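Peer 1: Based on these hints, arrange chain B on the given structure of chain A.
Protein chains in written order, with my numbering: chain A, 3 to 807; chain B, 93 to 221.
No lab work stands behind these hints, which were simulated from the structure alone. Be a bit skeptical, because a hint or two may be false.
Stated by the list, open to error - Below, computed lysine to any residue pairings styled on SDA-like, alpha-carbon distance capped at 20 Å:
#1 118/B x 682/A
#2 118/B x 687/A
#3 118/B x 318/A
#4 122/B x 687/A
#5 118/B x 689/A
#6 118/B x 288/A
Values in this document were obtained by computation on a predicted structure and should not be read as measured data.
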Amino acid sequence: MWQRNELVLTWADARRAAGSLPASEQPLFREILGDESCTESTPAVAAAIDEQWFLARVDVQGHVGIGEATVSLDLTPVPGVTVISAPNGTGKTSIVHGVRRCLGSDPRRDEVLEGNLHHEQRNIAVTITDGPRVVCLRSSGASPTEWHEAEAVGMIPERWSQAYSRYQPVLLYPEIAEIITEPGNLHEFLKGAISVEVLQELQRRIDAQRSASRKATANLKELRNAAADLVVDDGYATIRAALAGCAELPTAGERLALAEAIADLSAQTSRAIPEIVEIGDVPEFETTTSNLVESLNEAKSGVLEGSEILRDILRKLGENVDVLNDARTADRCPVCAAIGQDWHKVAREQEVILSRLLAAYDTAKEALDARLSAIVGVLPKTPEALKTLAALVDFAEEAKALKSHWDLVLASAAGVTINDVTVASIDALVGGINGLRAERDALAKKLDALRTAQTGHGARIASAIRAWLDNVDAAKNEISRREPADKLKNWVDGQIKQTRDLLFQPIAEGAKEIWTQLNPESDLGLTSLDIGGGTQRQQKILPGLEIGGVTVPSSAEGVRVLSTGQRNALSLATYLPRSAQLASPFRFLVLDDPIQAFDGSRVNYLAVRLAEIAKRNQVVVFTHDERLWNELCAMSANARRVVLRRRADGKSQVEVIEATSAGDVLLGELSRTLAVYESGNDSGATEEAVTALSLAVCRQALDAELVQQLGILGRRSGKALDQISADIDTSSQTRDRLRVWSTYCSDCGLGEPDWSAYNVTVSALNQASHGQTPEGVTQDERRQWIADSSDLIRLVADASLRIPT
Amino acid sequence: MSIWPKQSVAALEAGYDSLPGSEQDKLRLKAVILRFRIEAVVLSITIGVFTDNTWPNHVRHKLLVSVGAPGLSPDQRTDRLRIVRRGASTYESLCRLLHGDVSGLHPPLGDLAVWTRAVDELEAEFARP
Numbered sequence: 003m004w005q006r007n008e009l010v011l012t013w014a015d016a017r018r019a020a021g022s023l024p025a026s027e028q029p030l031f032r033e034i035l036g037d038e039s040c041t042e043s044t045p046a047v048a049a050a051i052d053e054q055w056f057l058a059r060v061d062v063q064g065h066v067g068i069g070e071a072t073v074s075l076d077l078t079p080v081p082g083v084t085v086i087s088a089p090n091g092t093g094k095t096s097i098v099h100g101v102r103r104c105l106g107s108d109p110r111r112d113e114v115l116e117g118n119l120h121h122e123q124r125n126i127a128v129t130i131t132d133g134p135r136v137v138c139l140r141s142s143g144a145s146p147t148e149w150h151e152a153e154a155v156g157m158i159p160e161r162w163s164q165a166y167s168r169y170q171p172v173l174l175y176p177e178i179a180e181i182i183t184e185p186g187n188l189h190e191f192l193k194g195a196i197s198v199e200v201l202q203e204l205q206r207r208i209d210a211q212r213s214a215s216r217k218a219t220a221n222l223k224e225l226r227n228a229a230a231d232l233v234v235d236d237g238y239a240t241i242r243a244a245l246a247g248c249a250e251l252p253t254a255g256e257r258l259a260l261a262e263a264i265a266d267l268s269a270q271t272s273r274a275i276p277e278i279v280e281i282g283d284v285p286e287f288e289t290t291t292s293n294l295v296e297s298l299n300e301a302k303s304g305v306l307e308g309s310e311i312l313r314d315i316l317r318k319l320g321e322n323v324d325v326l327n328d329a330r331t332a333d334r335c336p337v338c339a340a341i342g343q344d345w346h347k348v349a350r351e352q353e354v355i356l357s358r359l360l361a362a363y364d365t366a367k368e369a370l371d372a373r374l375s376a377i378v379g380v381l382p383k384t385p386e387a388l389k390t391l392a393a394l395v396d397f398a399e400e401a402k403a404l405k406s407h408w409d410l411v412l413a414s415a416a417g418v419t420i421n422d423v424t425v426a427s428i429d430a431l432v433g434g435i436n437g438l439r440a441e442r443d444a445l446a447k448k449l450d451a452l453r454t455a456q457t458g459h460g461a462r463i464a465s466a467i468r469a470w471l472d473n474v475d476a477a478k479n480e481i482s483r484r485e486p487a488d489k490l491k492n493w494v495d496g497q498i499k500q501t502r503d504l505l506f507q508p509i510a511e512g513a514k515e516i517w518t519q520l521n522p523e524s525d526l527g528l529t530s531l532d533i534g535g536g537t538q539r540q541q542k543i544l545p546g547l548e549i550g551g552v553t554v555p556s557s558a559e560g561v562r563v564l565s566t567g568q569r570n571a572l573s574l575a576t577y578l579p580r581s582a583q584l585a586s587p588f589r590f591l592v593l594d595d596p597i598q599a600f601d602g603s604r605v606n607y608l609a610v611r612l613a614e615i616a617k618r619n620q621v622v623v624f625t626h627d628e629r630l631w632n633e634l635c636a637m638s639a640n641a642r643r644v645v646l647r648r649r650a651d652g653k654s655q656v657e658v659i660e661a662t663s664a665g666d667v668l669l670g671e672l673s674r675t676l677a678v679y680e681s682g683n684d685s686g687a688t689e690e691a692v693t694a695l696s697l698a699v700c701r702q703a704l705d706a707e708l709v710q711q712l713g714i715l716g717r718r719s720g721k722a723l724d725q726i727s728a729d730i731d732t733s734s735q736t737r738d739r740l741r742v743w744s745t746y747c748s749d750c751g752l753g754e755p756d757w758s759a760y761n762v763t764v765s766a767l768n769q770a771s772h773g774q775t776p777e778g779v780t781q782d783e784r785r786q787w788i789a790d791s792s793d794l795i796r797l798v799a800d801a802s803l804r805i806p807t
Numbered sequence: 093m094s095i096w097p098k099q100s101v102a103a104l105e106a107g108y109d110s111l112p113g114s115e116q117d118k119l120r121l122k123a124v125i126l127r128f129r130i131e132a133v134v135l136s137i138t139i140g141v142f143t144d145n146t147w148p149n150h151v152r153h154k155l156l157v158s159v160g161a162p163g164l165s166p167d168q169r170t171d172r173l174r175i176v177r178r179g180a181s182t183y184e185s186l187c188r189l190l191h192g193d194v195s196g197l198h199p200p201l202g203d204l205a206v207w208t209r210a211v212d213e214l215e216a217e218f219a220r221p
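Isolated chain A, as found in the complex (with noise of 0.2 Å):
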């Protein structure tokens, strides 16, 4: 037997098991329990426990086969058996289902029957005690049942559902008959005896963990892995060195590292594609060039024609001498001829002309000179602006061919001088300057556009980066505990099969044993109960079941084998010693006709199975067959009847007869008759008549009384069933039932009773039967005959219960 601290049924078991656990799972454990153990102010079956229930009173109205009268059973709340035996169809079944309905009802089981009410109202009252406590619980209509205690009404406590649904202390003929007809029926059946919620709870808060714990694992990976996906080009050279060998879950060094690579995201970029140098744009000029080139062109012509006039001047004046002599001498000018003050004022005049030639020539130098400048200045010289076009070429190919241009362009107005410029030169340089910066504004504009996309990109992977490291704190948690999780997944798994191991095996242990003592002279054997699938998946309940050593299949044909009679056998061994379990808190059985298609020595062996659970328990067994009363009888167990009876009067009425002594019942309803008749007699009927039918009823109680009693004391003689009927049917007379009586009980060591004072009691009511009184009889003479009768069947009846059971 399992010791209770072993199994793990309740919350506060649960926490008192994980004591167990490593160090490291006991946070998460706690977390996940919560405060279950805490608000469990009554762990349900360690309350259970504790309770010992009985059953004390039943009533049932209008449920199913009951009519509108209410059925009443006062039960005696001792361990004992009742038998309440009555006919087919008298509502028997109706009253058990009433009393689970009450209980513990199971809907889907109440759906079959919910249609055929006799009586539209429904009331089903189920009393229970366990000695100090009364409580009845109420179940009117489709109305949940009520607990009543004392002054209060609630609700049917959890605690007594649990341990209602784990021992199912009421059981249905209808389900004796499908539990093994079909191999599923089994697992069914039991489920609720093996189940063990709290830890299923536990599993499901722990898977719930570790998916929680494999979702953010995925979840972070898959985040991380957006933004690795991200950094694509080479512009991302620090996220990408922050983002290597960097897993889902960072450390706090990579974490730095990645929050410096976002802060420096924008910086990144903007170094990455540098500006390019600006063009401006060709001045418009008042003057155009060409008009500055003639300009210059003419000035130089006016230059080179007072050059050419000064050389020749120059020329004359080396080739003739005496010229110059005579120049000097005559005061004659030796070019021009010129006398005196004409020459100078001549030669004035050619300075003049000529200092305004080349006066003209270098204004028009300077403007045409300033005009080259103002084309050309508007390219960028610098050594930083070529190396930038340099470094663009890395971003656009466009900018090696700019890069190329503007050489030549730079070239091309090196060679543009002023004393070679033309119009056609000129204008070359400006189309190739302007054919520059189109290019370049070109260049520029898809810079801007690589610019702007990769300064977006870049803000997409600083969010993505962001988001995955957002979540990070987050899921740190959850992924942290997927290691524990595991392990706790691992040690529930081992808890549930571990507890429903030890609550399946006294379960299988005692149903093994049960069998064998309903069948002790069959050969097909029940060699294994055993419980199968996983912790997660269905259960399954397969009976191993043996043949004259030949294994039975476990399946629907398999236990076709089994005849009704061993299948109902198979049922009731699974059930009694689930419902009779010491840790269950009813302490009684409600069997609702279990000895369906048994046959006399199984009805035996039943019998004295459920005396000895009654000797705990008390056992209340509805039945049509007298056989097990027979044999409880027969074997002084502590016993009581009642009958059912319907009242076929055009009502549906059920009648409750105490019948534990047939002579009894028979004087009762006999005394009850005479007792109103002699109140208020008016009839005309004679009292002789009236004695003979009233001694008639006491004969036949009498021998209804000595039938029982020699079926009880025959069997504790050890004399067959066989050779009793015979006894009973060769012994048709009182007197000489009385005389077997007196033999059956000598062979119980009782001796022979005297039963001689009554010789005259049996022949009146002999007479009597036959319709034959003493004239002029009185009341108190009728009244002392059944007084007699009464004294003798007491005499009969207490015989049995001087054996020594």
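Peer 2: Then chain B, alone, in the frame of chain A:
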């Protein structure tokens, strides 16, 4: 102990009627009355075989022997045989019930109806002139 005088069926039926309760309440008494009535029929049979027919014993045999009573046509004998066999069977059932041999404390109403018809038929048969 002296033999007490026998009450008439009518007196016994009056006694039955005077006792309180419905037919449902008095099923067993009804069975007693039916047995009284069969015994009364048996005691009324006057056949030489039974020299002392003052006690209702050997009911089955007396009923069967009555089939051979003089003055009956073959068809009447056949009818009587059928009726007395049913009456004898009913008597045995009533005896088993009233001696406590039958499980159940009260006779089924349906059985009582069948038995009543059998007794009525038996009485009618022997009431014929």
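Peer 1: Please go over all the hints and tell whether each is borne out by the structure.
Peer 2: Against the structure, the hints:
Taking the CA atoms of residue 118/B and residue 682/A, the gap is about 18 Å. The hint holds against a cut of 20 Å. This hinted pair checks out: residue 118/B and residue 687/A have alpha carbons roughly 16 Å apart, not beyond 20 Å. As the CA atoms of residue 118/B and residue 318/A are separated by approximately 187 Å, the hinted pair breaks the 20 Å bound. Straight-line distance between C-alpha atoms of residue 122/B and residue 687/A comes to about 16 Å, which keeps the hinted pair within the 20 Å bound.
A threshold of 20 Å between alpha carbons decides the hint, and for residue 118/B with residue 689/A the separation of about 18 Å falls inside it, so the pair holds. Proposed proximity of residue 118/B and residue 288/A is contradicted: the alpha carbons are some 147 Å apart, above 20 Å.
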